[in-house]
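There are 2 protein chains.
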Amino acid sequence: MSEQSELARNQTASIIRTKIGEPILRQLQKGQVPELEILSRSMENVDFDENAKLLKLGSKKTTRRMSKLSEIRPFMQTVLIANSIIEAKREGQVVTLRDVYYANVSPMTGSSQKTLKSQEESNVIIQDLEVMTGLLREQMGIIADAKGSLVGPLTIKSRGDVIPCSKQGDGAWSIPSMVDDVEFLDTSAKFVLVIEKGTAFQRLNYGRWWKKHNAIMVEGGGQPDRGTRRMVKRLNEELGLPVFVCCDADPYGWHIYSVYRFGSMSLAYTFEMLACPKARFIGISASDIYKYRIPKEGLLKAEKADLKRAEDMLKYPWFKDEFWQKELKLFLRRQQKSEIEALSRHSYKFLAETYLPDKLREHGVL
Amino acid sequence: MSEQSELARNQTASIIRTKIGEPILRQLQKGQVPELEILSRSMENVDFDENAKLLKLGSKKTTRRMSKLSEIRPFMQTVLIANSIIEAKREGQVVTLRDVYYANVSPMTGSSQKTLKSQEESNVIIQDLEVMTGLLREQMGIIADAKGSLVGPLTIKSRGDVIPCSKQGDGAWSIPSMVDDVEFLDTSAKFVLVIEKGTAFQRLNYGRWWKKHNAIMVEGGGQPDRGTRRMVKRLNEELGLPVFVCCDADPYGWHIYSVYRFGSMSLAYTFEMLACPKARFIGISASDIYKYRIPKEGLLKAEKADLKRAEDMLKYPWFKDEFWQKELKLFLRRQQKSEIEALSRHSYKFLAETYLPDKLREHGVL
Chain A
6 MSEQSELARN QTASIIRTKI GEPILRQLQK GQVPELEILS RSMENVDFDE
56 NAKLLKLGSK KTTRRMSKLS EIRPFMQTVL IANSIIEAKR EGQVVTLRDV
106 YYANVSPMTG SSQKTLKSQE ESNVIIQDLE VMTGLLREQM GIIADAKGSL
156 VGPLTIKSRG DVIPCSKQGD GAWSIPSMVD DVEFLDTSAK FVLVIEKGTA
206 FQRLNYGRWW KKHNAIMVEG GGQPDRGTRR MVKRLNEELG LPVFVCCDAD
256 PYGWHIYSVY RFGSMSLAYT FEMLACPKAR FIGISASDIY KYRIPKEGLL
306 KAEKADLKRA EDMLKYPWFK DEFWQKELKL FLRRQQKSEI EALSRHSYKF
356 LAETYLPDKL REHGVL
Chain B
6 MSEQSELARN QTASIIRTKI GEPILRQLQK GQVPELEILS RSMENVDFDE
56 NAKLLKLGSK KTTRRMSKLS EIRPFMQTVL IANSIIEAKR EGQVVTLRDV
106 YYANVSPMTG SSQKTLKSQE ESNVIIQDLE VMTGLLREQM GIIADAKGSL
156 VGPLTIKSRG DVIPCSKQGD GAWSIPSMVD DVEFLDTSAK FVLVIEKGTA
206 FQRLNYGRWW KKHNAIMVEG GGQPDRGTRR MVKRLNEELG LPVFVCCDAD
256 PYGWHIYSVY RFGSMSLAYT FEMLACPKAR FIGISASDIY KYRIPKEGLL
306 KAEKADLKRA EDMLKYPWFK DEFWQKELKL FLRRQQKSEI EALSRHSYKF
356 LAETYLPDKL REHGVL
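Taken in order, these protein sequences are the chains called A and B.
All residue numbers for the first sequence refer to the numbering used here, where the first residue is 6 and numbers rise by one.
All residue numbers for the second sequence refer to the numbering used here, where the first residue is 6 and numbers rise by one.
Just chain A, same shape as in the assembly (with noise of 0.2 Å):
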C-alpha cells in the first residue's frame, strides 16, 4: 500500500476537517467573515520544468470569501460538498461525480433555491478540493468510470484478497478507480507494456506473450481512466518497472501516450499522483509507418481532425523535443495514419513476435 494510500484511506475525513473545516472555524470564533485560499488552476498557474519534464502549479492563489458577493456561492459549494464527501466515508459509500451532483443539488428536496446549476458546477468544487487537500478525489471516495484491465507475473493485495494477477485465464484483473489500497506483494516482471487497444491487449493475453517476455501488461480502454493512469504509475515508481506505451499511429493514438506520461495541462495539479513521467513510448510513430512497411492497404488519410491535433501537438512544451517535432512534421506532410491492427497484413503474429519484441530490444529490455 502506498503511504500517500494509507493517508488517504484513514485521514481523508481529518484532512478535509483540517483544511477547510478548522480555518474557517478558527476565522468564525476571531468574528472574521471566512474565506478559503486555493491555488489557482488556470493556465497562468501552469509551468512546465522543461529538465524534469513535468508540469506543475505554481503559487498563485485565489481566495473565496463569504464577504464578496460572488464568492459567497462557491464559498458554500466548497463547504457543502466537503461535508457530503465525509458524510460519505462516513456510511462507509464510495461515490460519484454525478452522484455527489445529485446529493448536493439542491438544500432541500424540491427547494427552488439551487446549490448547484449542473453538475459542471460541483465537478469544479470537486477540483479545488483536490488542489486544497492535496488528495486525489479517488483517495477522497469518489470514483469514476474504470476501464482499465491488467495481466501478468505480480501478485496483488486488494481489500484481504491476495490476487495473482498471472492467474486470469483469458480474462485479466480489472483495474479499480481507486488503486491506492492496492499493495503489489510480489513480481517477477522486468517491465510493463502499455497497450494502446483492448483487442490487441486480449489477443497478446490469448498468446501469453506477457508470461513468454515476463512483463506486466496494461490496458486502458483507450483514453485511459485515472484509476489505470494511477497504476501505471505506481508500477513504474514502487516496482522499479520500466513503463512502455504503444499506440495506434495517429495523433489520436499519441496523445494517448502523453496522458499517461503528461496528464493534462487543464489537470496539471494531479500531475504528481497520476503521470509517469518514466513512460516510454514504441511506437507505431508516423516513421514506424514506413519503417514496418505498412503497405498502403493498412494507410489512411489523415482527417482534418488529425492534422488539427498534430499541429496543437507540435506546440505542446512536452513534444518540443527533437524526436516529437520531427515525428509530427513527418506526418503532417505525408498525411498517413494507421492502426496497430494494420501489421496483421504482414501476419497475424507481426505485432507480438516481430514489432514489440523489435522495439523493446532498442530500448534494451528484452
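Wrong hints could be hidden among the right ones.
Which copy is meant is left open, because identical chains are indistinguishable; a pair holds if it fits in one copy or across any two.
[As the list claims (entries may be wrong)] Straight-line distance between alpha carbons at most 25 Å, and here's what the computed PhoX-like set of lysine-lysine pairs gives:
#1 K283 - K195
#2 K216 - K172
#3 K61 - K309
#4 K162 - K216
#5 K172 - K162
#6 K94 - K216
#7 K119 - K301
#8 K119 - K296
#9 K306 - K119
#10 K354 - K119
#11 K320 - K58
#12 K354 - K122
#13 K24 - K73
#14 K216 - K306
#15 K94 - K354
#16 K301 - K354
Honestly, the hints are just simulated from the structure, not real lab data.
Starting from the structure of chain A, add chain B where the hints point.
Structure of chain B alone, referenced to chain A:
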C-alpha cells in the same frame, strides 16, 4: 466448459472444412461450377416467436454462385476469409474483425485488385460464416472489444487457471471476448445482478453487496459486448441462476436490457447463442421514477432521440406486452427520464440498501 465451446475449440477448422470447403470440392469434382447456400439474414427471414419470446431465423436461403458475375466477388471473399480463419487457428492466434480485414484486403501487397472495398465487406462475410457454420465468430477465434466485468461467489477455470471471482479485491474479473472456454467449477450464488453502469457496479462491489446478498454481479460497460452477453446467458442456463438487469430510467437503459434479453433483429441468428430470454428487468422503469419519488432535481427532460427511441420500442415485438406498453406510454406522456445515480438524492445508500433489495424481494429472490 459448455458443449458448444468444446466443439468450437477443437473443431472450428474441421467445421469450416465440412460446411464450406468440402461442398465446393465435391461440386468441382463433379465438374459443376460451385455455389454456396446461406440462410438469409434479411428482416423478412426473421420471426419472433410470441410464446417463447424469442427471435428465430426462418428457412429462406440465398445462393452464392461462381456462375453469376455479381456473386463471384462475395463467393471468393467467403472462401478467402474462411481460409484466413483456419490459418489464424493454425498459428494459434486470435484476431479481430479489423485484423481479418487488413489480412485479406487485397490478394497481394500493393496489388491494384482489391479483395475487400472496406471492413464492412469482411464483417458481412464473417456474419455469413457464422450462419453457415453455426459458430459464433468468437468460437472461430475472432474477438471484439471486451468491456465486461464479473465479481461474486463463483469459481471458474479459464486456460488452466482456477479463478475465485470472490477474491478480486476492489477490482473484478474482466470478461474476455471468448467465454466458451470458461468452465464453471463452483458457485454458491442465488442469482445474477447485471447493472448497466460500471460506476454503480464499483460502488456495489466496494460495499461487498454481492457478498451480503449472495449474488454474482456483472457489468457490461453500458451497451454490452458479446462476451458479456454470452457469459450472462451461460450463468443463467448452465448454472440455473435467475438474472436481473438494472438500468437507467431512460429508453437507452431499457434498450440495454433488451440487448441482454433479445439481442437485435439484424443479428437474429445470434439469438440462440447470446440472448438470455429469461433475464428479468428490475428497473429503473418510467413508473419507478414516481414510485421511488425521485425528486425533480433528479429528473431530466427527455430529448428528441429518447422520444424517437421509445416510439420505436413500442413497435418491437418483444415490447408488445402490457408492462412495456404501459411503461413506454407513461414515458412518452411525462417525457421525463432519470439515472441510477439520481437515487443518491435520497441518500448515498439508497441504491444498495433500499432500491435493489426492494426490487429483488418483489421477484422473490431475497
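Earlier hints that do not hold, by number: Failing hints, ascending: 3, 14.
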